[in-house]
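Protein sequence lines, in the order shown, are assigned to chains A and B. The UniProt record's numbering puts the first residue of the first sequence at 1, with every later residue one more than the last. The UniProt record's numbering puts the first residue of the second sequence at 1, with every later residue one more than the last.
Hints were generated in silico from the structure; no laboratory data involved. Just so it is clear, the structure is predicted and the values come from calculations on it, not from any experiment. For glycine and all other residues, C-beta sits at the position ideal for the given N, C-alpha and C. There could be a bad hint or two in this list.
Some chain B residues well away from chain A (every beta-carbon gap over 10 Å; in silico) [what the hints assert, rightly or not]:
#1 Lys27
#2 Val199
#3 Trp205
#4 Leu282
Partner residues aside, some chain B positions facing chain A, computed with beta carbon under 10 Å [claimed, not checked]:
#5 Arg9
#6 Glu136
#7 Arg225
#8 Ala253
#9 Ile255
#10 Thr267
#11 Gly325
#12 Glu333
#13 Ile342
Simulated coverage check for chain A against chain B, where a stretch passes if three residues somewhere in it have a Cβ under 8 Å from a Cβ of chain B [claimed, not checked]:
#14 383-396
#15 795-804
#16 838-849
#17 873-887
#18 894-903
#19 910-919
#20 957-966
So you can see what is in the structure, the chains are spelled out below.
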Amino acid sequence: MPSDIRSFFGAKGSQITGSSQEQKMPKDVAKEKKAKGRAKRKVLSDSEDDLVAESTKKSTPKKLPPKKQMKRDSPVGEITTTSEYFASSGKSKPTRSTPTKPKTQSERKVTEESKAPSAKSTPKATPKPEPATNGKSSSRKRSKPNYAVDFDHEDSDFAPKVLKDDADSGEDIFVADHKTGRKGDADAYQSDDDKDEIIQPTRKTTKGGKSASSKKRVESSDDDMNIQIKDLPMKDNSEYKAPKASKVTNGAKASKGRKRKSEELEDEDDEDEDHGAPASKKPKSAKGKPPAKKATPKKKEEEPQARTQVDDILDAIPTVRAPTPPPRDGEKIFNYAAFNANRNEPVASGSSTDVPVGAENCLAGLTFVFTGVLDTLERTAGQELVKRHGGKVTGAPSKKTSFVVLGSDAGPKKLETIKQFGLKTINEHGLFELIRKLPTNGGDGKAAEQYEAKKKQEQEKIEKAAEEMVKQERAEAKKAASFNSSSQPVSKGDIAGSTTTDSRLWTVKYAPTATSMICGNKTQVDKLQAWLRAWPSNVKIKFKKPGKDGWGVFRAMCLHGPPGIGKTTAAHLAAKLEGYDVIESNASDTRSKKLVETGLRGVLDTTSLLGYFAGDGKKVEAEKKKIVLVMDEVDGMSAGDRGGVGALAAVCRKTSIPIMLICNDRRLPKMKPFDSVAYDLPFRRPTVDQIRQRIMTICFREKLKVPPNVINALIEGSHADIRQVINMLSTAKLDQDAMDFDGGKQMSKSWEKHVILKPWDIVSKILGGGMFAPSSTSTLNDKIELYFNDHEFSNLMLQENYLGTNPMLSNTYTGKEKSFKMLELVDNAAESISDGDLVDRMIHGSQQQWALMPTHAVFSFVRPASFVAGSQSGSQTRFTSWLGNNSKQNKLMRFIKEIQGHMRLRASGDRHEIRQQYLPLLWYRLVKELQEEGKEGIDDIIALMDSYYLTKEDWDAILELGVGPMDMEHSKIDTQAKSAFTRTYNQKSHPLPYMKASQVVAPTKKSKERPDLEEALDESDSGVSSGEDQAVLDDDKPLDLKKDKYVAAPKKKKAAVKNKAGAKGKGKGKVKDESEEEEESEEEVKPKKGKAKAKK
Amino acid sequence: MALLVDKYRPRSLEALTYHKDLSERLKSLAQSGDFPHLLVYGPSGAGKKTRIIATLRELYGSGVEKIKIDSRVFQTTSNRNLEFNIVASVYHLEITPSDVGNFDRVVIQDLLKEVAQTQQVDQSARQRFKVVVINEADHLSRDAQAALRRTMEKYSPNLRLILLANSTANIIAPIRSRTLLVRVAAPTEADICKVLGKVGKQEGWGEAEGLNRRIARDSGRNLRRALLMFEAVHAQNEKVTDKTPIPPPDWEALIAQIADDIMAEHTPARILLVRAKLYDLLSHCIPPTTVLKTLTFKLIPKIDDALKAEVIKWSAFYEHRIRLGSKHIFHLEAFVAKFMRILESYLMGMDF
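Okay, chain A solo, but in the shape it has when bound (with noise of 0.2 Å):
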């Protein structure tokens, strides 16, 4: 098949390079311009009448000579042609299968002043076969078709649009062709631009002018454009000989050849698409066609024609756009943001297009990927789409890809393969027209009948699965049966009873039994019965050969990874495969350390019971003297089981039984004990694949009817948590028999485990310009609560971030223009941001209105990311960096406090001023000094510090507090130097400003409060007074006595009962007081305590 379209991609090339010579040789770029700017003004003017003046006028200014003449031609050559035409396709028309040709003729008449000017038109065109056969051979011919097509247009009232179209797809080719043979693509892109600027406006005069009748036109002119193709080649059989055969015989490999070579007629069928997209209704209809066609698909294969038709129709529509996006490789990526910039613009008033509804299941077999910005439509809402209807939807696009919707802004690898493997790229449009064209199960197409092959195979393979499954149950149940009969007489309908109505969970239920039942993780499956399997000889070798997959030394196996998607399941499945019986232990047990010691020792060294004996009737199972420890849910062991998992881990590396620990996440810190005791063994999310079949077998079984599409969509929706799609069938399947997609879509929703997202996916998702877009369906509330994620960080994250991107708003402008429109939009996001500190501050300052959280959320996270949202390529999403200045801020700012407590002795300033004024001067002296002079600075510095009471540590502060010409990392101070500096300075004895209070023992606020009480206690009550005041003394003296130095201590006492004597001289109220200065510092010179010295 590939071949084939290559042949026939050559040979449009050729074609195309010789319509495009014919037309337009001496043409160049700047021509072509021109009429690219021609073209607009034509757009404008819409009339029917214009028409003629146009194509006249067009010719004369800036078609040269050879289209001149092929105009003037046209007129003069009518009737001859006419007639010729009309018996070709006469000719051609019996070929056709009758039912098309009726329909031509019908929709003749439907318009009836189309008649009149298609008449016109057909001669037109066919004046230039004449001359190409002349002088060029099959490329002429190839291009007359075109215009005749056009001219049909003409009829229905975009015709000289598309004549201009034409020509000027026609002078891009003819450009690229100066390039390279594959640049073909390119300048059919080029033209596309040019088009999809004017498809607008000619979309509205059509609606405008002739809605009614258009539209049935439009179709009628789709068909007719098919049929002409079809026509033309016949006619001229001479050298379309081969490919036509081969149209005929391969029917969709053909229509897609032919869609390839003919981008003239492409761009045809763009238009018309164009027009379908507003004019919803025109292609329902066409859609009614194709299915009453595909009835017949035997015929086809016979009727070659019948067949192309259907899958022309459904090919040919998609196709369309085709040209559009591959140009965009290589150098032209350039030209595709102009293009982007040119196109943004346009399309966004096209936003509106409602999302068309298609046959079920139309898109089967067919395979999406999705690129870029869509313009009218989410990416997430097209990839839903397509998954609807039964299409698959890929990641990255590879040679199987049907189909790329292309955005704007796509990704440059994608469009690499995308030249590579010549994909179909579609937009939007294109895909809406083909959920509305195609029929139901993707029509007969060889995709859709691949798929269906598949899926009938699939089909039998549940069934299949569901026979075995029924035979097992049966045998099980006959065997219980045996047991239950043997021993009580049970009656069989017992039996039925409990399969007909099973009180088990479905996920117990079908749990799998056998290894091949289990989906996917397939080797980690096998890994750990081999382990179990080598278990008994790895004894006996005592571990010391770790084996090909290096499980031979461990005792212990690992199995992680996210929930439900059977890692217990495995765990369980692989003992009883390899005959082991299951002692489990989970997190509803308590496992801390003294309980996984003592409980463990018991088990570690028996074996099963269940070898030996076994229940009244029952075998014994000989092979179920060996146990295995299933240790789940080993990161759960929280709080109360202290000590346990490093226990856990002991018994790991000595145990003489397996143990299997089941964890979701092996890289908590709090699992690394396991690091080194047991073998890893990550589960990973088995793909929706690997899922499908065993949840449709499921589905079968409790005939509950889900169509595939709708399984993918609740894997999908649950991240493969197979545990929790198979819950969710079985709620389904408690009040209905069926579940469509969007019963399946709401209910993985409602399911949906609720994920926080991480801050930087908070970030690059508002600022990535997907929920900006004029296409977003996404509210003001969802991004405020995207904010609410994270409140704390989002709007630092954003702050962080925001400068980095490519802002969408301003990728209308360029050059000059548009670096002030970013900065214009990045001044509007910092004065938001600034806004939204304002908020922050009345919610976390002292007002504490949190009620204003959502207004937060808008000022400091939505409202900035509106302007400044866009593609962030080339910038990573950076964490926060306000954080770690904050605290850095903090230390230095404790620093500065410290050291103007110590300088205040000297130096007036406040901290500001000793950080603005005499640091600057301190750190040259201190600092730059000690850089420049070394050791011979050393002394004058330390006398400088103790001048200001600094110490070594405050030295360290003010190195570490210099900016911009001080930074620290600039002043490298020689080592020798500064490790002389610090010797010199711990030698010295340094002054103290005063003692730290840390280091006093500190007043207790109530005998603060005490002086209060003094007088009138010291009046009314001296006995009391004088006991307490003993106490106190007695509490202060050792104090006082190991501080003052001239007090020996033996002294103690006389010291005390001098002081007392002093007291009650001078009236004992004052003493507390004293002795609580005296606590506090010792030099504390008040008044009083002068007089007490002297006593003393």
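Starting from the known structure of chain A, arrange chain B on it as the hints suggest.
Chain B alone, transformed into the frame defined by chain A:
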């Protein structure tokens, strides 16, 4: 060997070289025996503290110069222990309540009451009252100021307060009405030159009149700063002339660099680069308002006259926001973005 600024700090009111009339006033107040509460305000580096110490000396004699640092622990209502340093002599206390941030009220209440409730014991003391000097009074919280109000009246026999502030704006009216407002204006450039000349002579350094004038101008009439710059120049140059460059402080050099960066390129990427430098300044304890103000004045000479008013407007706008907000970098960055936008639109001949 302390730095010059502290080495040659005048000790007595007579030794003060400028604002002679103010010195006279303070002297007569000190001698009157009826010393009022004072609120001394004026810009940084004008000599407020020096004057107050000199006045205290006038009040109590040389005893006030024997000072020491006292560390006290206060307990907040939430049972948090606050360590608080007090500079004290026998006759006076000097506190900086803003050191403890929002808990300044606790300090004011506990400490002042305690001091006020005890009489001067030293019979030989010249005054019956003690003086409490409160630094950075304009940074006192409202609560703390309210706590001061009544204390000032109730304990006036035992206590006099001297509040030091940069401006009276933040001080509540009741306190302003209870104090004698003393404004210490910044010294004129001539005053500064005189001081510099005197100090230079005492140190035996070569005289450079032009350099002194330049220092006086660059210091922004901040005598402390002028003296420090003076010393820096002399420390870094063996021989100074009128042309000797004055080394700017580190942070100012960095801000100048930022201004150059901003002028050189107007793109989001450049804002990102500037942000890193702004963070650097902020984290190294340069107050955001200082950064914004300095940056504005560095930018102003580089732009066209037509833009100046606009730039000043936005600078003021964001300075206000810095005061209102809590994450200063946001506002600084917004200013940078705004400036770039204005400048760019001007360069492109568009209305901003």
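Each hint tested on the structure:
| no. | hint | result |
| --- | --- | --- |
| 1 | Lys27 | 20 Å, holds |
| 2 | Val199 | 14 Å, holds |
| 3 | Trp205 | 15 Å, holds |
| 4 | Leu282 | 6 Å, violated |
| 5 | Arg9 | 8 Å, holds |
| 6 | Glu136 | 6 Å, holds |
| 7 | Arg225 | 5 Å, holds |
| 8 | Ala253 | 5 Å, holds |
| 9 | Ile255 | 8 Å, holds |
| 10 | Thr267 | 6 Å, holds |
| 11 | Gly325 | 4 Å, holds |
| 12 | Glu333 | 6 Å, holds |
| 13 | Ile342 | 9 Å, holds |
| 14 | 383-396 | violated (count 0) |
| 15 | 795-804 | holds (count 3) |
| 16 | 838-849 | holds (count 5) |
| 17 | 873-887 | holds (count 4) |
| 18 | 894-903 | holds (count 3) |
| 19 | 910-919 | holds (count 9) |
| 20 | 957-966 | holds (count 6) |
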